[in-house]
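A.B. asks: Given next are the chains, with one letter for each unit.
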Amino acid sequence: MKPDAFRDPTPRAAALLLVLAAAALPAAAEIGQIKTSKGQVTVERAGQVLPGEVGLRLEAADTLKTGPDGAVGITMRDNALLSAGPNSILSLERFDFDATTSQGRFDAQLQRGTLAVVSGRIAKQSPQAMTVRTPSAQLGVRGTDFVVAAGE
Amino acid sequence: MNSLWRRLAALALAVLLGACSTPQGNVVLLPDADGKNTAVFVKQDGGELLLDKPYAAAQLTSAGPKPATSSAAQVQSQFGAALAARPLAPAQFTLYFIEGKDEFTDVSKREFDSVFAEIAKRPVPDVLVIGHTDSVGTDAFNDNLSRQRAEVVKRALVARGISAANIVTVGRGKREQLVATGDNVAEARNRRVEILVR
Numbered sequence: 001m002k003p004d005a006f007r008d009p010t011p012r013a014a015a016l017l018l019v020l021a022a023a024a025l026p027a028a029a030e031i032g033q034i035k036t037s038k039g040q041v042t043v044e045r046a047g048q049v050l051p052g053e054v055g056l057r058l059e060a061a062d063t064l065k066t067g068p069d070g071a072v073g074i075t076m077r078d079n080a081l082l083s084a085g086p087n088s089i090l091s092l093e094r095f096d097f098d099a100t101t102s103q104g105r106f107d108a109q110l111q112r113g114t115l116a117v118v119s120g121r122i123a124k125q126s127p128q129a130m131t132v133r134t135p136s137a138q139l140g141v142r143g144t145d146f147v148v149a150a151g152e
Numbered sequence: 153m154n155s156l157w158r159r160l161a162a163l164a165l166a167v168l169l170g171a172c173s174t175p176q177g178n179v180v181l182l183p184d185a186d187g188k189n190t191a192v193f194v195k196q197d198g199g200e201l202l203l204d205k206p207y208a209a210a211q212l213t214s215a216g217p218k219p220a221t222s223s224a225a226q227v228q229s230q231f232g233a234a235l236a237a238r239p240l241a242p243a244q245f246t247l248y249f250i251e252g253k254d255e256f257t258d259v260s261k262r263e264f265d266s267v268f269a270e271i272a273k274r275p276v277p278d279v280l281v282i283g284h285t286d287s288v289g290t291d292a293f294n295d296n297l298s299r300q301r302a303e304v305v306k307r308a309l310v311a312r313g314i315s316a317a318n319i320v321t322v323g324r325g326k327r328e329q330l331v332a333t334g335d336n337v338a339e340a341r342n343r344r345v346e347i348l349v350r
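One line per chain: the protein sequences are W and C, in this order.
Count the first sequence with the numbering used here and you get residues 1 to 152, in order.
Count the second sequence with the numbering used here and you get residues 153 to 350, in order.
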């Protein structure tokens with residue numbers, strides 16, 4: 001941005017900033033969205049339990065749970081795709097993403113069940129920046145498509 | 153008597169196996185669409201293992217990851233439900249505009265149909281439209297034109313039934329050139345909107 005814009009905030013510049021702020025606000029909280037949902041799916045957020053319906057916008061620290069007949073698929077803001085099978089518990093522990101630079105950090109934990117992962121722009125930009133943990137293992141994701149099961 | 157001994161022996165073996173390596177899950181690297189530089193690094197208290205070939209697998213155990221090989225059939229039987237729930241991959245499009253205007257070029261008019269089709273496939277589409285210009289004209293003119301171009305795409309999508317609430321538009325003016333030029337260059341490839349469909 002030009003220094004002029006700071007010295008002389010014209011109405012147009014102010015309006016542009018408002019538009020940018022409005023566009024940035026929902027994106028700051030939203031880290032992804034439920035795109036597919038089958039059977040029993042819930043999302044735990046700050047002590048509340050929400051129905052895990054298609055369209056639900058996800059936030060950092062959300063935990064997704066599927067029942068014996070459940071499955072859920074989510075698309076993250078960095079284009080990563082995560083999908084969990086039945087009897088799974090998946091926590092989206094941390095997600096920071098700069099859409100302009102693709103820099104960020106994504107940590108997820110599969111506490112139980114099965115998970116399929118296609119990594120997104122965060123892992124592509126920086127191979128150390130995405131991890132998936134299970135109760136006993138830590139997976140470093142180097143830009144890839146893989147499946148993981150936790151427990152037996 | 154004989155069968156009791158056999159049972160005791162089986163129990164001892166199970167305990168022994170359990171003591172040195174309790175199964176704790178598994179990891180399988182899948183073939184990648186791009187097929188380049190894909191790998192998963194598996195780390196446990198007992199050791200580390202790099203999976204870097206399709207269907208290379210690790211058994212997670214209390215003694216560390218054990219190398220294994222999986223197959224498409226095994227993956228399908230264990231992970232079929234998770235894979236079936238995978239969302240459609242995000243799709244990206246670039247549409248081009250006539251110089252100084254918010255009208256598509258003829259080629260992009262036709263390309264617009266594929267954008268619409270991609271969005272229509274999704275129950276809850278999430279569409280980001282980013283408008284750009286070439287470097288002819290002032291910043292103010294191009295900021296405005298880039299926003300208009302993004303808005304034109306949004307209006308065209310809404311006219312075909314896509315919910316406006318699912319479309320975010322942004323104008324970036326002449327700041328982010330696809331083809332680097334100096335100022336005041338009428339470069340057709342920079343007069344574009346980028347559309348991300350998720």
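Quick caveat, the hints were computed from the structure, so don't treat them as lab data.
Model, not experiment: these values are computed from the prediction.
Don't take each hint at face value.
Computed list of lysine-lysine pairs in DSS-like fashion (alpha-carbon distance at most 27 Å, straight line) [what the hints assert, rightly or not]:
no., chain 1, residue 1, chain 2, residue 2
1, C, K261, C, K273
2, C, K253, C, K273
3, W, K124, C, K253
4, C, K261, C, K306
5, C, K261, C, K218
6, C, K218, C, K195
7, C, K195, W, K38
8, W, K124, C, K261
9, C, K195, C, K205
A.B. asks: Compare the structure with each hint and give your call.
C.D. replies: Now for the hints, and whether the structure bears them out:
1. C/K261 x C/K273: holds, 20 Å
2. C/K253 x C/K273: violated, 30 Å
3. W/K124 x C/K253: Given pair W/K124, C/K253 is violated - Cα atoms ~36 Å apart, limit 27 Å.
4. C/K261 x C/K306: holds, 14 Å
5. C/K261 x C/K218: violated, 54 Å
6. C/K218 x C/K195: Judged against 27 Å, a Cα distance of about 11 Å means the pair holds.
7. C/K195 x W/K38: Distance of about 32 Å is beyond 27 Å: violated.
8. W/K124 x C/K261: violated, 32 Å
9. C/K195 x C/K205: holds, 17 Å
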